[in-house]
Amino acid sequence: MKRRMMGDAALVAMAAGLLMSGAGVDVARAAAVSKDAAVHIPGAAVTRRLSPSQYEATIRDVFGPTVTLGGRFEPEVRRDGLLAIGQGYVSVTSTGMQQYEAMSRAIAAQVIDERHRDIVIPCKPADAKTADDACAAMFLGKVGRALYGRPLTKDELGTQVVASNMAAKELKDFYQGMWLSLASMLASPEFLFREEKLKAKADKNGWYDLEPYAKASKLSFFLWNARPDAQLLTATEKGELDNARGLKKQVDRLMASPRFEEGLRAFFTDMYGLDELDTMTKDAVIYPKFDSRIAADAKEQTLRTVMNVVLEQNGDYRDIFVTPKTYLTRRLGAIYGVPIVNDAANGAPEQWQAYEFAKDDPRVGIVSHMSFLALHSPPGRSSPTLRGKALREVMMCQKVPAPPAAVEFKIVQDTSNPDYKTARARLTVHATNPVCAGCHKIIDPLGLALENFDGTGAYRLTENGVPIDTSGALNGVSFNNAAGLGKAMHDSPATADCVLNRLVSYGLGRLPAKGETEWVKALGKGFADDGYRVRDLVRAIATDPAFYKASGPSVPAEAKPEKSQAAN
Amino acid sequence: MGVKITRRTVLRGAMGAGAVTVGIPFLDCYLNDSGTALAATGTPLPVVFGTWFQDLGFNPGRWVPAKTGFDFENNVELKVFDPYKKKMNLVSGLQYYLDGKPLETHATGVEIVTTGGIASQAEAMASADSLIADTIGTRTRFRSLEVAFNGGRQSRSKRANAANNPSEPSPVALYTRIFGPDFKDPNAADFKPDPVVMTRKSVLSYVTEQRKKAMSEVGAADRVRLDQYFTAIREIEQQLALELQRPEPLPQCTVAEKRDEVKPSSLIPAVVANGKLFSELLAHAVACGQTRVFNINIGSQGLRTEGSAQTWHGFTHEEAIDEKLGYQKEVTFFITTATKMCADFVGVLDAYQEGAGTLLDRCGLMWMTDHGYARTHTMDNIPVMTFGSAGGRLRTGQHISAVGDPATRVGLTMQQIMGVPVSTWGVQSNQTSKTMSEIVA
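Protein sequences appear in the order of chains X and W.
Numbered per this note's numbering, the first sequence spans residues 1 to 568.
Numbered per this note's numbering, the second sequence spans residues 1001 to 1441.
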């Protein structure tokens, strides 16, 4: 890996962060480190709140699929393009905590009910009418390890046992004691957040390695979007993650598991904002074919397509922009105007079928999927501006500025103006205003290429009776339609850089720090050299010791880097 | 009125007859003559703070009244408030200052009016309502209640360095939260603390204490977030403690009726129908002492009518100005509908009689928006309104023209009358220490 000088700004920010975080590293030593220069400077550790899907997965892993959550999560926050980064900023609000607390009681109540207790609780109390230290400790210790992703400390276990005894005696029921003690674990910061604990001693450069269980956790969430499983915890306990061979062995195991797909799906769902399809609505009068099931299908279609390219084929990531291959259900077929014969028996779930669009069909790649087209459209029409902005921001990690204040929209407001029947015509007039032109020039040519697809993604050739012109350009490369746009996206270095950056940020829970620029560049070089294979990139990140290093504990927001380094 | 029952008679009766009297329904006679205080204790009925957030402003020339002062006439878009003219204040001409920072359209104005300024990443500031809730909302079951009429979860209320408090999108879910099994009728005859609640509280307190001890060594950022976590836990403990106490009787409290909701969505009919249910629920929740702070976000931006390709927000930017009318017709439909919803809500509060006064009288409801004129994203001539006299603390019935003043003046004033010890509020040009004395009683 290349080495480079540490910038002054980075040093100051880092030193400030260290001081504030109370890591006990003094500025003098940090300065000394900077003098021998040329070091990789990791960013700070990040403490993240569990996402709803991670919470759900953990409950399912620990208590089985029959335990339901029965609650509502606090909304997630997207930051720097990712919910995974937002998780490093959010805490819990009072209202949110009330929900977590209610959910924890509801889950714990199911665990101790007649149906589950004998399966989940590995022992029986000597007397079910009162406390039982031994059984409580056995159960709470076992469950705690799985919930926290590490063994409980002696004090922690002691606290939970005392709590369960208090309740068992008070309510004269051992299982009521388990109920409240378990509920308190499920509502604990150790469970709701995942902290990156650091080893007490810094390495020779002054940076910290994650403590083994934190390392296991980072790895497991990165690859599986879930807490470490029993095997990983056992390997951690044995110290296997401390050496490269042991780490590689676990990376191989996790990546060979079907759960790796869950992890990759979680990443791409986050990167493409596919979670927003869960709540997207379309106007039922304008788009009668649209409903929430179709939105769910649309999300699944894109995930299947991406999984096929990056996981099954282990292909070039950029192919997702040009592949005519996808998977459809009958419902989606109805929107796309292609016949999908469902030969499932009556009552069988909707079947997915592989489908390949014809060679001359403009519908290629994932930005011609409903998941992209509909998500970046208002409820009742298409929007080249929203789509163009999303192509820049979501697929190429570029930031499009917000429109300025006090802009006059009058010229283009009249959608019934006989002179401007298409979106292109209206936007062209709008963009003659120099205040608006700057941004629209970079947004519209991309979005207009997708104008053959309406607000849900259905194909059309005209708008208000006028043929739609879908020509455009990206970085000087011209194209005539969506297929050409897909090719231009495929060839643009920004799309590969973008997935690299998002993946690294997703794993770290923050944007790469300034001092990690060279590391990210090196990863990017490897990514390119290996033919843009996401699997290889994931492996490269997961097996790299740099991924598990931190400059110090989690720092306050102002010391976090503002901008992505390798993007743009 | 027949026999006059004095506070003394009631007290004497209650003392003499022992447990039986507890069952007597609480009547108006428990209030003093003006209906502002519980006669038995002499405590004034608690003051209540609420916010109504309605994005996308009004049409220029159609909302600022011709006259200022007490004898103003509501302009056309605010005519719907005429029945409450004596109980409202309208402040026009206010400004949101950008101080050279970029305008995030529809977001920056919200941030300024709710939190007092544009925050840097480091200092995500608390919204005024949560500062008020920390002052007046600590002894109620809910420190604050947030609802969104549009089926969304967004609210404009937040604690410092935290995410926004999530809104409740479903009236039925809100009903269950307030009047479900955990509701303790303040006027119920018998009261027995629930042993499970008692145990829950002791377990929670014990475990929390132990955790706090174990977590003394964390970084600054985590410290902040842990503090928020423990604050939230403490509030749950307080709530449990309240559940174990006999609630203060509230004579006017009646449990809201459980009604069916329309599937929450941003379609106007659903928003109006569920808005009505929310309004009634909030009124009952306040009257029953369940909360003293509430935040309503109607979710203006996404509102639309069925079959329309465009949302309210979309229309503000893309609808042509009707040449005959001189304003955007569709946009005006939404403004009218939303403003009417607000008037209806004020009406629900004002219909809730408490002695000689109404529930509205002890509320201070603050109406806010994101832009003065959404079509061009203006940050000047911002309207802010207040409704209710906050238990006599607000002087009402006026139009005040405050051209160029930071809009934060109203937020500062509302905090002050709610008892928040604050003399200056806001950041940079949005900072103010000028109380809006015209509206302070």
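Honestly, I wouldn't trust all of these hints.
[Said to hold, decoys possible] Some chain W residues near chain X, calculated using beta-carbon distances under 8 Å: (1) Pro-1083; (2) Pro-1102; (3) Glu-1146; (4) Arg-1153; (5) Val-1196; (6) Val-1203; (7) Val-1207; (8) Gln-1228; (9) Ala-1232; (10) Gln-1245; (11) Pro-1249; (12) Val-1262; (13) Lys-1263; (14) Ser-1265; (15) Glu-1306; (16) Asn-1381.
What the hints contain is simulated information worked out from the structure, not anything from laboratory work.
These numbers were taken from a predicted model, which means no experiment stands behind them.
Where a beta carbon is used, it is the ideal one built from N, C-alpha and C, also for glycine.
Each hint, compared with the structure:
For the restraint placing W/Pro-1083 at the interface with chain X, the shortest Cβ-Cβ distance is roughly 33 Å, beyond the 8 Å limit, so the hint is violated. The restraint placing W/Pro-1102 at the interface with chain X holds, with a minimum CB-CB distance near 7 Å, inside the 8 Å limit. For the restraint placing W/Glu-1146 at the interface with chain X, the shortest Cβ-Cβ distance is roughly 7 Å, inside the 8 Å limit, so the hint holds. Interface restraint check for W/Arg-1153: the shortest CB-CB distance to chain X comes to about 5 Å, inside 8 Å, so the restraint holds.
Taken as an interface hint, W/Val-1196 checks out: its beta carbon lies about 7 Å from the nearest beta carbon of chain X, inside 8 Å. Given hint, W/Val-1203 at the interface with chain X, holds; its Cβ is 5 Å from that chain's nearest Cβ, closer than 8 Å. For the restraint placing W/Val-1207 at the interface with chain X, the shortest Cβ-Cβ distance is roughly 4 Å, inside the 8 Å limit, so the hint holds. Below 8 Å, beta-carbon pairs count as interface contacts, and W/Gln-1228 has one with chain X at about 4 Å; its hint therefore holds.
At a threshold of 8 Å, the smallest CB-CB gap from W/Ala-1232 to chain X is about 3 Å, leaving the interface hint in force. The interface hint given for W/Gln-1245 is violated, since its Cβ lies 19 Å from the closest Cβ of chain X, which is over the 8 Å cut-off. Checking W/Pro-1249 against chain X: minimum C-beta separation of about 25 Å lies over 8 Å; hint violated. At a threshold of 8 Å, the smallest CB-CB gap from W/Val-1262 to chain X is about 14 Å, leaving the interface hint violated.
Hint on W/Lys-1263 is violated. Least Cβ distance to chain X is approximately 11 Å, over the 8 Å limit. Here the hint on W/Ser-1265 is kept, as its CB sits about 7 Å from the closest CB of chain X, short of 8 Å. The beta carbon of W/Glu-1306 comes within 6 Å of a beta carbon in chain X, closer than 8 Å, and the hint placing it at the interface holds. This hint is violated: W/Asn-1381 has a C-beta 12 Å from the nearest C-beta of chain X, more than the 8 Å allowed.
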